[in-house]
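**Student:** These are the residues of each chain, in order.
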Amino acid sequence: MSRMSNRDDLHWITQFTLLGDNKAFEKLVGKYQSPIRRFFLNLTMGDASLSDDLAQETFIKAFVNIHSFQALSNFSTWLYRIAYNVFYDSMRTQKQFSELDVREIDLQYQSDNAFSAEKLDFYNALQHLKKEEQTVLILHYMEDKTQKEIAKIMNCPEGTVKTYLLKGKNKLMDYLNKEGYDKK
Amino acid sequence: MTKNEQTEEKLNEFFKTHKTEIPDNGFSLKVMRRLPTEKDHSWIVWLIGAAGISFLLYFYIHNGILLNFIENLLVMHFDTLLISIAVFPIVCGIVMLLWGKKEKTFFG
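As they're listed, the protein sequences go chains C and D.
1 is the number of the first residue of the first sequence in our numbering; add one for each residue after it.
185 is the number of the first residue of the second sequence in our numbering; add one for each residue after it.
Incorrect hints may have been included.
Said to hold, decoys possible - Only pairs whose alpha carbons sit at most 25 Å apart, straight line, appear in this in silico DSS-like list of lysine-lysine:
id: 1; chain 1: C; residue 1: Lys-162; chain 2: C; residue 2: Lys-130
id: 2; chain 1: C; residue 1: Lys-167; chain 2: C; residue 2: Lys-178
id: 3; chain 1: C; residue 1: Lys-23; chain 2: D; residue 2: Lys-214
id: 4; chain 1: D; residue 1: Lys-194; chain 2: C; residue 2: Lys-27
id: 5; chain 1: D; residue 1: Lys-187; chain 2: C; residue 2: Lys-178
id: 6; chain 1: C; residue 1: Lys-167; chain 2: C; residue 2: Lys-130
id: 7; chain 1: D; residue 1: Lys-194; chain 2: C; residue 2: Lys-131
id: 8; chain 1: D; residue 1: Lys-214; chain 2: C; residue 2: Lys-61
id: 9; chain 1: D; residue 1: Lys-194; chain 2: C; residue 2: Lys-162
id: 10; chain 1: C; residue 1: Lys-162; chain 2: D; residue 2: Lys-187
id: 11; chain 1: C; residue 1: Lys-31; chain 2: C; residue 2: Lys-148
id: 12; chain 1: C; residue 1: Lys-167; chain 2: C; residue 2: Lys-148
id: 13; chain 1: C; residue 1: Lys-178; chain 2: C; residue 2: Lys-148
id: 14; chain 1: C; residue 1: Lys-167; chain 2: D; residue 2: Lys-187
No lab work stands behind these hints, which were simulated from the structure alone.
Pulled out of the complex, with its shape left as it was, chain D reads as follows (with noise of 0.2 Å):
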């Protein structure tokens, strides 16, 4: 055996006598207890998007802009329609990957 193991060996021998298990004698529950609740606040959003589509609808009525919209709808350039539909889910993808990449720590 060489010089080298015999380190390894005593070192291991060493550290494995010392080693224990730690019962657990209710350290669980009181990390369990201690634990942070984490509270929704997505509700916030929906209520704001709510109130904001409420509002919009409302205006586009009373002033005959959705009745405007509908009628040319028949004569609108496709392209133009696809545009305009297609602008809200690029601005909420783009906004999502913003805040995704704001919540990655250090940890990973």
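This is chain C alone, in the form it adopts within the complex (with noise of 0.2 Å):
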């Protein structure tokens, strides 16, 4: 399933960069969106509006760059890389950027956006861990990614990959049951 699908997406790329079809590259942004909106929108704790500029934005570079994609990894890994690269520049950007800010931001998103209290749960176990840890459990667990991808991903070895895995995953398990997340 997973060959079939990195095959459709080397053929749609070839048709783009040979043919320069840019409906082909518009078959990727629809496979894609969902996957790249969905992973913003978790490290963003559900800032639904800054998501989706990231997503665009990390769209647009891989348009711009798709030259540069020599199919070592799978396009999906590839569009991931760009995507993190997109969001630790965005983070970078931002001032004065410190843990007691994100919680306020996060906070502040969270009342602009309608959610279920379910998915404030899902937040708030989330900002128990760091943004390495988030983005290894979320790619790991939510987006199916396996270690050698996301240190590919992450552009850091597989060991710092395992480790910030290990501390998420028990830092996250001591919420969940001091939440008693298996009782619910």
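Make the complex out of the two chains shown on their own, each in a separate frame, by following the hints.
**Tutor:** Now the structure itself:
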């Protein structure tokens, strides 16, 4: 299934780069818009407007740099790598970015967006993790990426991904047990 | 079931219950409208090339160099002729190779 999906991606990339067929690129956008927007939505603690802006920037960067895609990894991994860079670039440009500010901003986002109690629980749980731990857990459990793929996306050694995954898992399990998640 | 397996199951369940598919709702169209239009500047290269060739042809014909070259072509050594023909593609090849290296970005 995944191999077929990657074959489709390569077919559309070839059509776009060799024939200049923009419709082929539109198919790639259509296929990946949901996972990429969801990835940003989770990292921004549910800020739909910011997520869409970041997702648009990701696809524009993919469009401009698609000639540098060498098919050494899946298109999906390559796209997530751009998304990861876009997110961390946007974080770096925000001045005076501290954990406290993040929580204040997140609470503001949460009040601006109509969330269900379940979603709030989810974002509250994620807030107990560092941004790197959040990224690894989201990519692994929600986007079904392997540790090797996550290492490529985050451009770090696989050992570092394992450490983030282990620490994130422990923190999240502590929180879920404390909140009695299994009893819900 | 080991504790590790229980943790994995719990986390899988936690994330899967919060996994939602986001409907497109015109997002793809918005992206396609915002894509930069690539301007093709290759015509400048062709224009400069054509102007250069025209100038050289005029210069060679006007000064009799072209006629002289054609006359000498028959008596010219084969290796000299081969080198003079091969110089242009070799230089172009090196330029294209260097250009290609410059174009590669960290996204690959």
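**Student:** Within 25 Å, alpha carbon to alpha carbon, are Lys-178/C and Lys-148/C?
**Tutor:** Violated. Lys-178/C to Lys-148/C sits at ~31 Å, over the 25 Å cutoff.
**Student:** Verify the proposed pairing of Lys-162/C with Lys-187/D, using a straight-line Cα cut of 25 Å.
**Tutor:** Cα-Cα ~18 Å, so holds.
**Student:** Against the 25 Å threshold, does the CA-CA distance of Lys-187/D and Lys-178/C hold or violate the hint?
**Tutor:** 17 Å, holds
**Student:** For Lys-162/C and Lys-130/C, compute the direct alpha-carbon distance and say whether it is at most 25 Å.
**Tutor:** 14 Å, holds
**Student:** Run the distance test for Lys-167/C versus Lys-187/D: straight-line Cα separation, threshold 25 Å.
**Tutor:** Holds, because 16 Å separates the two Cα atoms, which is no more than 25 Å.
**Student:** Just to be careful, I want the Cα atoms of Lys-194/D and Lys-131/C compared with a cutoff of 25 Å; is the pair within it?
**Tutor:** 21 Å, holds
**Student:** Starting from Lys-214/D, check that the Cα of Lys-61/C is at most 25 Å away, please.
**Tutor:** 15 Å, holds
**Student:** Given the hinted pair Lys-31/C and Lys-148/C, is their Cα-Cα distance within 25 Å?
**Tutor:** 23 Å, holds
**Student:** Take the C-alpha atoms of Lys-194/D and Lys-162/C, compute the straight-line distance between them, and say whether it is at most 25 Å.
**Tutor:** Distance of about 18 Å is within 25 Å: holds.
**Student:** Hinted pair, alpha-carbon criterion (25 Å max): Lys-167/C, Lys-148/C. Please report holds or violated.
**Tutor:** 18 Å, holds
**Student:** Is the hinted pair Lys-167/C and Lys-178/C satisfied, with a Cα-Cα distance of at most 25 Å?
**Tutor:** 17 Å, holds
**Student:** Mind checking the alpha carbons of Lys-194/D and Lys-27/C for me, to see if they're no more than 25 Å apart?
**Tutor:** Since the Cα atoms of Lys-194/D and Lys-27/C sit roughly 35 Å apart, the hinted pair is violated (cutoff 25 Å).
In terms of the numbered hints stated before, the structure departs from hints 4, 13, listed from lowest to highest.
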